[in-house]
Amino acid sequence: MRLLGTKTFRHGVHPPESKDETSGLPIRQFPFAPLLIIPLVQHMGAPSIPEVAEGQEVWRGQRIARADGFMSVSMHASASGVVRKIALAPSISGRMVPAVYLEPFPGSTQEVLDGTPCPLETSTPEEIIAAIQDAGVVGLGGAAFPTHAKLKVPEGKVVDTLIINGVECEPFLTTDHRVMLEQSDDVFMGIRYLLKVTGAEKVIIAVEANKPDAAAHLRERFPSDINGTVEVLEVKYPQGAEKMLFSALLGREVPSGGLPLDIQALCCNVATTAEIGRLLPKGRGIQERVITVTGPAVRRKGNYRIPIGTPLRFLLEYAGVAEDVNRVFLGGPMMGAAVSSLEISITKGTSGVTAFTDSAAERTHSQVYPCIRCGYCVDACPIFLDPALLGKLAANEEFSVMAEAHNLMDCFECGSCSFVCPSHIPLVQRFRASKAAVRKAAAHKAGAA
Amino acid sequence: MLFLTAVGAITSLTVLLATALAVANKKLYVYEDPRIDIVEEMLPHANCGACGFPGCRPFAEALTKGNAQPALCTVSSGEERTQIAHFLGVDVGAAEKVVARLACAGGDNVARNHARYHGEQTCRAAARVAGGGKGCFWGCLGLGDCDVACDFDAIHMNAHGLPVVDEDLCTACGDCVEVCPKDLFSLHKQSHRLWVACSSLEAGDEILEDCEVACTACGRCEMDAPQGLITIRKNLPVVDYTRPHKTRKPIERCPTGAIVWIDEKSGPTKGPAAKKIIRKGTLRDAPT
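Chains as they are written, first to last, in my numbering: chain W, 1 to 449; chain V, 1 to 288.
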């Protein structure tokens with residue numbers, strides 16, 4: 001669908017972007033915290049198996065945990081230091097997860113231990129997939145889905161188009177923007193790896209229209225050996241969701257409960273692509289990632305390259321926060337998760353840290369009014385669900401009806417419905433709780449059978 | 001004439017269909033034990049599923065067939081169960097009363113919050129926001145989903161935001177077990193008096209910063225209990241109820257009162273060594 005020259009999808013919302021304060025700031029290296037807490041579950045799938053013992057000294061970049069099966073990835077030390085303990089640590093999922101407590105040496109440098117390189121020209125697709133798993137690469141856009149698992153195209157399926165997602169529709173966040181500007185060579189290197197693995201014919205780099213400099217930069221640097229284009233998309237939320245990208249760029253719709261592979265396409269976040277292009281030629285693993293630290297409560301906003309495992313408390317102390325800081329999100333305000341404890345550490349899935357003050361977070365305090373059937377949420381939902389009806393069903397705890405008759409499980413929790421609701425009904429939160437209830441019931445059933 | 005034809009046609013049609021119905025009633029009759037209806041009438045109509053059957057009707061069917069014993073119904077009173085047993089001429093059966101127990105004692109007078117939660121006021125929604133605001137990640141969120149879910153009015157939130165189970169009213173239907181996002185409820189025989197009222201998997205005194213009645217996995221109860229009765233697994237004492245467990249010995253040296261004796265009359269009782277909690281109000285939030 002094309003409107004005024006830029007492609008987009010139907011429905012969606014327009015939240016304030018609030019990106020201007022950080023989009024012009026170059027990526028800066030973040031110092032090491034006195035104690036890094038590296039969770040062994042930073043991805044969707046099985047926890048990694050630790051390979052280090054308490055008291056062991058590790059190098060920055062050294063592998064400290066290996067993958068447990070295919071749906072799991074390796075972990076690497078984010079600083080040279082001593083493993084203090086392997087114990088439980090709080091995580092954003094609300095559960096305590098096993099983690100490696102790493103105390104960096106006082107003089108730990110930024111030098112990284114290199115591993116076995118995986119050169120583009122001589123490696124087979126299988127070797128590249130194994131190297132991506134061993135580098136610990138997960139979707140850096142926020143979902144933290146193991147990238148190698150996505151790239152493994154099963155027998156009988158083909159991928160014709162690879163989409164590199166540089167949309168970044170989430171308000172406040174500017175990490176992908178900076179990566180596209182500063183690491184374009186890494187992005188193109190990553191694309192070469194991805195094309196080789198998936199066998200796709202062409203690549204489309206999707207950029208939202210509010211980042212004209214990034215689109216121009218990528219177009220200018222676009223290498224001649226890659227068959228592809230840079231597409232500029234309309235500024236709209238949630239343009240960066242992969243289902244929305246497929247419908248905007250290819251006019252294809254992922255079937256309910258299906259995968260992008262069903263429509264011969266794959267989508268990969270631009271920061272993930274850049275990491276693949278940066279790490280694989282040197283055989284390194286992910287030990288840090290670019291994170292936007294922003295929001296009305298943050299004093300020194302910016303885009304930082306932050307070591308994995310940095311506790312939020314240290315991060316906020318370093319960046320400086322206002323006295324009346326009220327709530328902190330991992331990610332942006334639309335899809336991000338509010339944190340309940342500052343002991344939670346930065347993981348691979350954290351794309352931003354946004355902190356709000358009392359006055360800036362006012363809207364969420366307001367009273368909830370009854371549904372007036374205005375239909376705003378129906379017009380906003382990008383996957384054409386009926387949030388008003390689902391919200392009522394959720395209030396009545398009709399979870400199985402929601403899942404079976406109204407496609408609850410297709411909801412990817414973008415929050416557009418809650419954003420537009422004039423009655424301030426916490427729709428997406430209800431859906432989140434309902435989805436958890438449906439999954440619990442399914443697990444219960446599977447256990448009983 | 002036309003009028004007579006119409007009346008005649010309708011009458012003959014009526015007779016024909018009535019005969020067909022009468023024949024079908026005889027031919028296709030399915031015999032059903034008439035006692036099922038009577039027994040179902042004697043059951044409490046709660047349809048709670050505590051007996052292990054989908055509802056009261058299937059339970060009544062099982063009863064009349066002799067596949068179940070009246071004692072399985074925990075909702076009806078002893079008198080009602082005897083009545084059913086008399087009617088069917090079977091033994092009431094022995095089923096010990098089972099109740100729901102909460103493996104947490106962290107009310108807001110002893111457990112801290114790390115964050116204040118705003119949003120949908122249900123535990124299940126709060127648990128999806130980084131586990132809720134409670135300092136202890138395993139602890140009760142206190143928003144009362146179990147209170148709402150309980151059909152028998154057996155669960156009430158006390159002054160400190162902790163659900164209290166009325167064991168007389170509890171029928172062990174398991175609704176609270178299902179609804180709790182932290183999985184703190186479990187069904188236990190009422191005679192299980194020794195109870196670990198904590199779910200924290202952390203070891204050491206650090207957890208006491210977040211909750212004053214948490215188990216620190218010190219292992220004193222394991223040492224004091226008769227051999228094999230209590231074992232510490234995943235930093236929590238696990239009571240083996242298949243062994244003789246009518247002893248207050250294990251709770252006596254517990255420093256926090258995480259392991260309690262649920263007294264028939266006075267409810268949960270801590271050991272003499274447990275730190276006394278005299279605070280009536282809410283514990284202030286942890287400094288951030």
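The set of hints was computed from the structure by calculation and includes no laboratory data. Be aware that one or more of the hints could be misleading.
If the Cβ cut is set under 7 Å, some of the chain W residues that face chain V in the computed set are [stated by the list, open to error]: (1) Lys85; (2) Ile86; (3) Gly94; (4) Met96; (5) Pro98; (6) Ser108; (7) Pro212; (8) Ala337; (9) Ser340; (10) Val420; (11) Pro422; (12) Ser423; (13) Ala433.
In the DSS-like style, the derived pairs of lysine-lysine whose C-alpha atoms are separated by at most 27 Å in a straight line are [stated by the list, open to error]: (14) W/Lys85 - W/Lys157; (15) V/Lys189 - W/Lys440; (16) W/Lys85 - V/Lys97; (17) V/Lys27 - V/Lys97; (18) V/Lys27 - W/Lys445; (19) W/Lys440 - V/Lys276; (20) W/Lys440 - W/Lys150; (21) W/Lys445 - V/Lys249.
All values reported here derive from a predicted model rather than from experimental measurement. Each residue gets a CB set at the ideal place from its N, CA and C atoms; glycine is no exception.
Hints, one by one, checked against the model:
1. Lys85: 11 Å, violated
2. Ile86: 13 Å, violated
3. Gly94: 3 Å, holds
4. Met96: Constraint on W/Met96 satisfied, holds at 5 Å.
5. Pro98: 11 Å, violated
6. Ser108: Constraint on W/Ser108 not satisfied, violated at 26 Å.
7. Pro212: Interface hint status for W/Pro212: violated (36 Å vs cutoff 7 Å).
8. Ala337: 6 Å, holds
9. Ser340: Cβ of W/Ser340 sits 4 Å from chain V, so the hint holds.
10. Val420: Cβ of W/Val420 sits 17 Å from chain V, so the hint is violated.
11. Pro422: Violated. Min distance 17 Å.
12. Ser423: Because about 13 Å separates W/Ser423 from the closest Cβ in chain V, which is outside the 7 Å limit, the hint is violated.
13. Ala433: Holds: closest Cβ of chain V sits about 4 Å from W/Ala433, inside 7 Å.
14. W/Lys85 - W/Lys157: 44 Å, violated
15. V/Lys189 - W/Lys440: Holds: V/Lys189 and W/Lys440 sit about 25 Å apart, inside 27 Å.
16. W/Lys85 - V/Lys97: 45 Å, violated
17. V/Lys27 - V/Lys97: 46 Å, violated
18. V/Lys27 - W/Lys445: 40 Å, violated
19. W/Lys440 - V/Lys276: 38 Å, violated
20. W/Lys440 - W/Lys150: 25 Å, holds
21. W/Lys445 - V/Lys249: 40 Å, violated
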